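Protein chains in written order, with numbering that gives the first Met the number 0: chain A, 0 to 335; chain B, 0 to 335; chain C, 0 to 335; chain D, 0 to 335.
Be a bit skeptical, because a hint or two may be false.
In silico DSS-like links for lysine-lysine, alpha-carbon gap of 30 Å or less [what the hints assert, rightly or not]:
no.: 1; chain 1: D; residue 1: K193; chain 2: A; residue 2: K62
no.: 2; chain 1: A; residue 1: K17; chain 2: D; residue 2: K62
no.: 3; chain 1: D; residue 1: K5; chain 2: A; residue 2: K69
no.: 4; chain 1: D; residue 1: K5; chain 2: D; residue 2: K62
Derived contacts from chain D toward chain C, CB cut-off under 7 Å, selection only [claimed, not checked]:
no.: 5; residue: D43
no.: 6; residue: V46
no.: 7; residue: P67
no.: 8; residue: N72
no.: 9; residue: P131
no.: 10; residue: S134
no.: 11; residue: P135
no.: 12; residue: Y136
no.: 13; residue: D166
no.: 14; residue: R184
no.: 15; residue: E190
no.: 16; residue: A209
no.: 17; residue: M217
no.: 18; residue: P309
no.: 19; residue: T313
FYI, nobody ran anything at the bench for these hints, they're computed from the structure.
Note that the structure is a prediction, hence the values are computed from the model and not measured.
Quick reminder that beta carbons are idealized off the backbone N, C-alpha and C, glycines included.
Protein chains: 4
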Amino acid sequence: MIISLKMNPDTEQLENLKTWLTNMGLEIHMSQGTRSLVMGLIGDTTVVDTDLILALDIVEDVKRIQEPYKNANRKFHPDDTVITAGGATIGGGHFMLIAGPCSVESREQICGIAQEVKAAGAHMMRGGAFKPRSSPYAFQGLRGEGISFLLEAKRETGLPIVTEIMDVSQLPLFEEVDIIQVGARNMQNFELLKELGSVNKPILLKRGLANTLEEFLMSAEYIMSGGNSKVILCERGIRTFETATRNTLDLSAIPVLKELSHLPVMIDPSHAIGIARHVAPMSLAAVAAGADGLIIEVHHNPAAALCDGPQSITPAAFASLVSRINPLLQLRAEFQ
Amino acid sequence: MIISLKMNPDTEQLENLKTWLTNMGLEIHMSQGTRSLVMGLIGDTTVVDTDLILALDIVEDVKRIQEPYKNANRKFHPDDTVITAGGATIGGGHFMLIAGPCSVESREQICGIAQEVKAAGAHMMRGGAFKPRSSPYAFQGLRGEGISFLLEAKRETGLPIVTEIMDVSQLPLFEEVDIIQVGARNMQNFELLKELGSVNKPILLKRGLANTLEEFLMSAEYIMSGGNSKVILCERGIRTFETATRNTLDLSAIPVLKELSHLPVMIDPSHAIGIARHVAPMSLAAVAAGADGLIIEVHHNPAAALCDGPQSITPAAFASLVSRINPLLQLRAEFQ
Amino acid sequence: MIISLKMNPDTEQLENLKTWLTNMGLEIHMSQGTRSLVMGLIGDTTVVDTDLILALDIVEDVKRIQEPYKNANRKFHPDDTVITAGGATIGGGHFMLIAGPCSVESREQICGIAQEVKAAGAHMMRGGAFKPRSSPYAFQGLRGEGISFLLEAKRETGLPIVTEIMDVSQLPLFEEVDIIQVGARNMQNFELLKELGSVNKPILLKRGLANTLEEFLMSAEYIMSGGNSKVILCERGIRTFETATRNTLDLSAIPVLKELSHLPVMIDPSHAIGIARHVAPMSLAAVAAGADGLIIEVHHNPAAALCDGPQSITPAAFASLVSRINPLLQLRAEFQ
Amino acid sequence: MIISLKMNPDTEQLENLKTWLTNMGLEIHMSQGTRSLVMGLIGDTTVVDTDLILALDIVEDVKRIQEPYKNANRKFHPDDTVITAGGATIGGGHFMLIAGPCSVESREQICGIAQEVKAAGAHMMRGGAFKPRSSPYAFQGLRGEGISFLLEAKRETGLPIVTEIMDVSQLPLFEEVDIIQVGARNMQNFELLKELGSVNKPILLKRGLANTLEEFLMSAEYIMSGGNSKVILCERGIRTFETATRNTLDLSAIPVLKELSHLPVMIDPSHAIGIARHVAPMSLAAVAAGADGLIIEVHHNPAAALCDGPQSITPAAFASLVSRINPLLQLRAEFQ
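Could you put together the complete structure from these sequences and hints?
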């Protein structure tokens, strides 16, 4: 950590700062120039609150050299994390394909799609029971009943399931769920993240609409520092000025996250681009860029979906996409 | 609502769509051109889920003409909403000035600042007990104890208090709190918003970092549709590409929100710009633009704040700012 | 085009508007609802200036149904445009690979790299002679001399060349250049675009840092409406809040642009991500998503590049990348 | 400047870097930690190209401590720059009010508005002769004829004029123009900026849609390093995700720019918000925040403007706004 001081700082304040930092176990190196005075901190600066330092009158700027996350950091955990849920595996060369509708609508719907996506090659099934919708007048999901339908589909097909939690109080309903999803709008719902830190299940953590990759890793760190190291990172599009697509899918997140962290990285092309006919090219791009998994919206009859229709592809389109993903995965493996 | 159809749409699908819309009480006007086919909907389209329509094969695009919110809409409630909390009032010409530290740190700290900001002219006191921090290693607030310190300060000074809730489960602790704040990161925590819809207290709702003004009003609508109409909208800076300031304070939100909605609009210049010495000019700008209130971070000794230090001004700087706000308010009143 | 009128508009103004629109050859359909009054325009609305209409007192909003571009529009030109320059071809199934350094530094440098990228499989060579740099103190390019070095490299290797123009006055120097590049900062330098409309050479038009895909196509339309239909669209990253990468590469632009337009779409992964070791995964992703070409920065010794060093890969890394692109292109062709 | 090195860097490369930096007159301080190795540079680092350093294998990151601009930097020029053009003055406590239509349409139009804005209190007149329009089919301005109309209006009213240049080749037409405007889309048209560096006239430089304040100051530096120190900085809204306003007016730019630079800072509320009825509150906010001037679009009959209509106010609305700006300026002066 580098602290740029104002020229001719108050001596007492400077001594106080030095004492405070030394007490945290840090070593201090001073560099005096003609137009600048710089303090370099050596040691574990993860616990240093840069805001506190910036607040000091004598400080001009503070810059981190080290990343502020530990558990999620590849530097301290060089090997890929491999996560298994209900028989499906992601990370360390294992590719995980999740498919299913945006919302659970009925027992028949979810069991039907489960059969079809399983036949097409999906390893897990997704479906929303609790639905975050920007309008209070839009369909809010079947909630508890939706989860019971998902569990029936799991029993019928053997496909493990992933579904979204929206509040700590819903946790008891997730006992038989294989992976718990935290949605983009809850990426910084820190009370929820803390609670999930003590759950013994993988968490599929979606990146917030306007969160940096560092904030994303800090949210993973919230879960991991609570003791749950099974976090899957999922990029699902960020908010930009562009309106031609629903969000802007940030595929650069794949190489960047995989370099910074050992956690598996999944892509959700459906929510990102928001246009069903463009889901296939973005899925293939994600695989080519090195994604560890995909989570794709599939709906029997897109026209009748109760929510997020425009981004859902049909089971047939999904099967056709899988037939293009597989040779691409093989090609990718050959070059690794 | 305007639905642009693809040329030569499937007749059966078109009839199904028409029937569905007619059953919702909407009237349909068709316009056929040489290169387009457009369906205009007349009636209350608030309940129409545009995503469902967009999902149809025969549809090219859907555009709303009416706003998707009702309770928050000035069209249906032309007069300004006036909200009173613990004796302080906002809206309809009443200006509310809230001040206090980012975090509650101790009984002495919060009582001391309360005295000072009251003397300087604040109508309410703020202070965070539950703190949303991007790092799990940063100070998370005194939580329940913090609220008890705030209540002591309230008893000592008579200043009503506003403090942030982060999870539904914390609600019992807020019984004597005058205004409940929902932070930017929870603007779309819909489960929390629904719960606050049945609370009989004003809610200070902060705009999310990357949320549009329409989404902001939809979140207010979540609370209002639950029965609680006392919502104060608070702009606190949005996330843009600019890094010279912490966020970009969007003062245009003032005239736009006040035209679209009857709810009072408050500005938080401290979190927005994130630089203490620039809080004063942005506060004055907010007043000149027509804000109904300001919420300003004030700290006894900025250098020692446990969080968000860089954006806090001292009680003396606050008093000086108030002495500039008051004549500006008077000037503003003369021109209304 | 849909014009939403205010309720009870001034009759005379409404009649004036109708006359004006009818005189432009448009047919008008009115839809009157209880809370809205909507005017639908049928015909060629490309020439209608929406700003003019929005300025009218009686108008609330204007929404386009048709795209405001014609020459670049796939609706009027369903087949892919195929562009050939100096023997290299792009579009309609032809993939074009361009490689070379950010800046031309010397005759030896550019001829050396030209040999190497040709051997590795590049179809064209790039190299900047005129360099747009945000600082006036940074290297501004070898300018005219740089172009002469590029032409020598072309003569030696037979590789056609692409290089950037920054001002109309530089045009005479580009006579033997095969493709003229317009950089991101000049995407809306309309005087330059108009001038290039009368040039008989392909133009590689880069998307601006904060320009929408519609604005991008409008800039292509500037060139095409002048008579030059040989425009290659190049996505090179957009500016977002994310700071982990130099820009955010928007690969969604590929399927979206290729659907809206018949022009070839190229990707510049080097400028987009700005980190040499992440150029390969983003290149492969672009190919998987359907890009018609790639323009990649290659430098002999990245550490010594006079500009934009961090994003350049070595000739060896480029050769290795080409050996992965080729089987991917083959796989892609099989599925089309 | 702080250079973070990789652990255990190649000794020869490190020595080469040190020699290169020392030859530039910089002093080097090394700090070795357990997990980091940092090099601090002391001296004038303005001329150091950070990209070159970042490109080195042994370097992990480079961070500037000093600003990369000199001429525009308040550190080297503590007093406000005061600029006078045709009798109107801006900076150092002088407030400049510019008004006029977006486009020059006819002699009568521009002379008429000139009379009215002068009577209302404007110090200068604006009007576009060369118009940057995103569509090639939109009105492109009267060009040379437009400038001659502006000059007639100047002769008739005595109001000095400001108008936009779009290309170096247009410069001869600007001989009698008092202030030359560089539009947002040309903020990084470096060839144009260089040319304006040798012109003996004030330049009104508008901030680009997606340019940081540092880039903005670097563009001013381009002009100033050429010898022309009369640069007026103008914030006119930046591009964000918000669609309720045309752009997001970044008023934080006022205190930030005035701290970093001695150049006067002007605000263009009309282009920023793009909605005529919201121009007044944003103008007052700009004054309250400390702006040195305003440039406001005024049009006789907004409904008939040939471009940018929605953001123009009438002469009567302008006069009313001026009657509110003046007492605000007086109040502001009392507190300085």
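Consistency of the hints with the structure:
1. D:K193 / A:K62: Cα-Cα ~34 Å, so violated.
2. A:K17 / D:K62: Given pair K17 (chain A), K62 (chain D) holds - Cα atoms ~23 Å apart, limit 30 Å.
3. D:K5 / A:K69: holds, 19 Å
4. D:K5 / D:K62: Distance of about 15 Å is within 30 Å: holds.
5. D43: violated, 11 Å
6. V46: holds, 5 Å
7. P67: Since the shortest Cβ distance to chain C is 6 Å, the answer is holds.
8. N72: violated, 13 Å
9. P131: Status holds, d = 5 Å.
10. S134: holds, 5 Å
11. P135: holds, 4 Å
12. Y136: holds, 5 Å
13. D166: At about 4 Å, which falls below the 7 Å cut-off, the nearest Cβ of chain C leaves the hint on D166 (chain D) intact, so it holds.
14. R184: holds, 4 Å
15. E190: holds, 4 Å
16. A209: holds, 3 Å
17. M217: Holds: closest Cβ of chain C sits about 5 Å from M217 (chain D), inside 7 Å.
18. P309: holds, 4 Å
19. T313: At 11 Å from the nearest chain C Cβ, T313 (chain D) fails the 7 Å test, so the hint is violated.
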